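Here is how the chains run, residue by residue.
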Amino acid sequence: MKSPRIDAALEEQSMNNDLENRTGVPAPLTSRRKFIRAAAATGVAGIFSPGFVPISAQGSAMQAVQFVLPKATKDVTPFKVHVPQAALDDLKRRLATVRWPDRGSATDWSQGVPLGKAQPLIEYWRTRYDWRRAEISLNALPQFRTQIDGLGIYFIHVRSKHENALPIILTHGWPGSIIEFLQVIGPLVDPTAHSGKADEAFHVVVPSLPGFGFSDKPTEAGWRLPRIANAWAALMARLGYSHYVAQGGDLGAGVSSWMAKQQPSGLAAIHLNLPILFPPPPPGGYKGAEQPALAQLGKYASDGSGYASIQATRPQTLGYGLADSPVGQAMWIYEKFQAWSDNKGDPAEAISVDHMLDDISLYWLTDTAASSARVYFESFAKDFARMPIDLPVAVSIFKGDFFTPPKVWGDQTYSKLFYWNEVPKGGHFAALEQPELFVAELRKSFAQVR
Amino acid sequence: MKNDLVNRTGVAGPLTSRRKFIRAAAATGVAGIFSPGSVPISAHGSATKAAQIALPTTTKEVTPFNVHVPQAALDDLKKRLATARWPDKGPVTDWSQGVPLAKIRALTDYWARDYDWRRAERALNALPQFRTALDGLGIYFIHARSKHERALPIILTHGWPGSVFEFLDVIRPLTDPTAHGGTENDAFHVVVPALPGFGFSDKPSEKGWNVARIANAWAVLMKRLGYERWVAQGGDWGAGVTTALGHIQPPGLAAIHLNWAFVFPEKIPTEGLSPDEQRAVDAEKIFQTQGAGYFLEQATRPQTIGTALADSPVGQAAWIYEKFNAWTDHDDVESALTKDQMLDDISLYWLTNSAASSARIYWENKPATYVGGKIDLPVGVSVFPREIFRAPRTWAEKNYSKLIYWNELPKGGHFAAFEQPAACVRELRACFTTLRA
Chain A
1 MKSPRIDAAL EEQSMNNDLE NRTGVPAPLT SRRKFIRAAA ATGVAGIFSP
51 GFVPISAQGS AMQAVQFVLP KATKDVTPFK VHVPQAALDD LKRRLATVRW
101 PDRGSATDWS QGVPLGKAQP LIEYWRTRYD WRRAEISLNA LPQFRTQIDG
151 LGIYFIHVRS KHENALPIIL THGWPGSIIE FLQVIGPLVD PTAHSGKADE
201 AFHVVVPSLP GFGFSDKPTE AGWRLPRIAN AWAALMARLG YSHYVAQGGD
251 LGAGVSSWMA KQQPSGLAAI HLNLPILFPP PPPGGYKGAE QPALAQLGKY
301 ASDGSGYASI QATRPQTLGY GLADSPVGQA MWIYEKFQAW SDNKGDPAEA
351 ISVDHMLDDI SLYWLTDTAA SSARVYFESF AKDFARMPID LPVAVSIFKG
401 DFFTPPKVWG DQTYSKLFYW NEVPKGGHFA ALEQPELFVA ELRKSFAQVR
Chain B
1001 MKNDLVNRTG VAGPLTSRRK FIRAAAATGV AGIFSPGSVP ISAHGSATKA
1051 AQIALPTTTK EVTPFNVHVP QAALDDLKKR LATARWPDKG PVTDWSQGVP
1101 LAKIRALTDY WARDYDWRRA ERALNALPQF RTALDGLGIY FIHARSKHER
1151 ALPIILTHGW PGSVFEFLDV IRPLTDPTAH GGTENDAFHV VVPALPGFGF
1201 SDKPSEKGWN VARIANAWAV LMKRLGYERW VAQGGDWGAG VTTALGHIQP
1251 PGLAAIHLNW AFVFPEKIPT EGLSPDEQRA VDAEKIFQTQ GAGYFLEQAT
1301 RPQTIGTALA DSPVGQAAWI YEKFNAWTDH DDVESALTKD QMLDDISLYW
1351 LTNSAASSAR IYWENKPATY VGGKIDLPVG VSVFPREIFR APRTWAEKNY
1401 SKLIYWNELP KGGHFAAFEQ PAACVRELRA CFTTLRA
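Sequence order for the protein chains is A and B. Quick note: the first sequence uses our numbering, first residue 1, plus one each step. Quick note: the second sequence uses our numbering, first residue 1001, plus one each step.
So that you can see chain A by itself, here it is in the shape it has in the complex (with noise of 0.2 Å):
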């Protein structure tokens, strides 16, 4: 017969895994007490008890379907994604209750999405989309969370079996998130059961910018690319890590192209499929080559870039809306879906309506609108100017991206560029789009780097 103090002890440790699997709050909380007052501190007492969620004041039945992290500590503490159940029904509610503006003057793309585009991606969102099928493939890789420089950050860490295989950080850009990497992961960590050698093999890891997806939104000023550089070579070294190479595009090119410039110790090369790369002052007037991206640059600035405009001055105004509408902020990034990826008018050529909504979704469910923007308020107009670069760089442009830059802007930045591919298929979501390309990329470019 079990003595009565190792039975409370198994029944706690039982009613902990309970809470751990219904609300994603990991060990080590000890007791139920102290995670009660965990709760109350933040403020969503709801969260644990969804059955009694009090719709009394209002904002408390919206608080109650709020996601809470836990606060992060210098340890790297596993981590897994339970998002309530209220919070999905209160999607379902807001999706079922929309109120669409009227159709406009234009059925195409260019005046924004289209409402005859729009409201079968809500439908389907609404009707069929399973975001439980996303958070199992989320929950099957190992997961964390650490402080760094006062932030907690999410990211995924797979190591491959290959002890030699070498180490990367994959980071993606706005509107991305790790979701685009999640297919790219199993082939690069086990490339001999994906087509590949065993000496092609990486270890894997997966953060979220801050302010994104399960990262912590910072509450001070100054996140800056530049910053967030500094904090995944701080990563990488708190992961033992003493050889490793960086990959991004979009906003994670940026924070790449920063690891190359800062050379933190251990950094050996990185990879880029979307270079930030601006033209050089052309001494005698631009070539023939260049004039294309040139163009794509003009029409970036004068009509794709209104995004980037609003949440570069006015993040926070932009961040009502979209932390309040679930379709607003669907349309938000599934206007880039469309503009930015390798398809001939319609986005789902080029990525799955599923994969479109789990990275809307995760957007929508940690209510990361306002503070993604925020990246292009810190950084917009300061971070991305033309950096020389002197650390091993490689590239690869996927060719429906929207702005493909030519090869000698990477020979005038890059003293040390020892890749360059143009891939034929593929846009500015290479890894999503493309995995079997991107990993193919990444195996090639960085076989000269182990």
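Some hints could be false.
[To be verified] Here are the simulated lysine-lysine pairs, PhoX-like style, with alpha carbons at most 20 Å apart:
| hint | chain 1 | residue 1 | chain 2 | residue 2 |
| --- | --- | --- | --- | --- |
| 1 | A | 197 | A | 161 |
| 2 | A | 197 | A | 444 |
| 3 | A | 407 | A | 425 |
| 4 | A | 425 | A | 344 |
| 5 | B | 1285 | A | 92 |
| 6 | B | 1285 | A | 382 |
| 7 | B | 1398 | A | 71 |
| 8 | B | 1398 | B | 1267 |
| 9 | A | 399 | A | 425 |
| 10 | A | 117 | A | 92 |
| 11 | A | 299 | B | 1366 |
| 12 | A | 299 | A | 287 |
[What the hints assert, rightly or not] To list a few chain A residues with every Cβ distance to chain B over 12 Å, as calculated:
| hint | residue |
| --- | --- |
| 13 | 70 |
| 14 | 102 |
| 15 | 131 |
| 16 | 234 |
| 17 | 378 |
What the hints contain is simulated information worked out from the structure, not anything from laboratory work. Small disclaimer: the values here were computed from a predicted structure and weren't measured. All C-beta atoms in this analysis are idealised placements derived from N, C-alpha and C, irrespective of residue type, glycine included.
Starting from the known structure of chain A, arrange chain B on it as the hints suggest.
Chain B alone, transformed into the frame defined by chain A:
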């Protein structure tokens, strides 16, 4: 029954039978509007549909119009405000990254608990309102005639994020000057339209409604109202339309007045600028680099941003409230405009679902510049200190061959009539005094 329908639905004459009305309502797809008690809450979205305002179709007749927002729409608004989901407050408490959380929550709390749309509705319905089809589009306007027959007709055009509400406090002083510190000679007949896609005007379903097309429609309107000699006034997009009128010079237009003058030269000299000119260049640069995010988004993707704002009243409110703060003359925004004033305007955008359609005016008028070109019609300008940029007199004189009035005021901003109605009335009286017959 007809009166009852008119009162309950905002649909005015001349509907001669309930059957005709049902057909018309069905044609606009909002059959629930005349029986708010039996709203079907079945298929998703239908409850929301029943809360929408349906505007009656227009003809070339000038048809009286009254505003009556269905109670279901006001209830729906309150419900959305009560279940608003907020972003985190972020790293700053000032306005540098947009409307601070504490400010928007205070405004929307007031909106949910204390604000009374019916008060604003009564203020509108106390004025003669109409709708008429111009160039195929139903246009709403207030038309207040002076008791003084020889009053000067004037058409006042609002901008974005403004509305007809901006002019409510100037209408009576303009039409009835002797009761407002003026003389009979100061009287105006006042016409205040809502821009296409704004307020109770229709939303264009075809492209092409740029300021020139609006200007032409306004000229048709003044003619339809029987005015053979009239003047025009505007700020923001209203200044764009009024400037276009100055170029088109439709028969009857005698002069224009602007509280925001587009007088930048095609090529701005880099040296030799006067202090006023430099100040305008600096202000425009600050606007372009810090304050024009909304402009570029609306000019390129009005449907995307419009979809977000159509579904969130707090989003719609913040989008507008930011500009009330940025462009009015104040130490604290609620000292320039009251909460009620701001919410009258914001409510109009929300209740008429005009976020996307109003944004499209930016798309239609690309590329928008501050180069207004030369105007030979008489022009009067009032410069308010907290305007986005203060037009320099030297540039105005280069653009306007007949600058009949110029004044720089000590107080007021972009929403001149809204913030400084008495000053605006004085400005219009003074500007147009020489045009009286």
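Verification of the supplied hints:
| no. | hint | in the structure |
| --- | --- | --- |
| 1 | A/197 with A/161 | holds, 13 Å |
| 2 | A/197 with A/444 | holds, 11 Å |
| 3 | A/407 with A/425 | holds, 18 Å |
| 4 | A/425 with A/344 | holds, 12 Å |
| 5 | B/1285 with A/92 | violated, 44 Å |
| 6 | B/1285 with A/382 | holds, 17 Å |
| 7 | B/1398 with A/71 | violated, 63 Å |
| 8 | B/1398 with B/1267 | holds, 13 Å |
| 9 | A/399 with A/425 | holds, 6 Å |
| 10 | A/117 with A/92 | holds, 19 Å |
| 11 | A/299 with B/1366 | holds, 14 Å |
| 12 | A/299 with A/287 | holds, 19 Å |
| 13 | 70 | holds, 16 Å |
| 14 | 102 | violated, 5 Å |
| 15 | 131 | holds, 17 Å |
| 16 | 234 | holds, 21 Å |
| 17 | 378 | violated, 9 Å |
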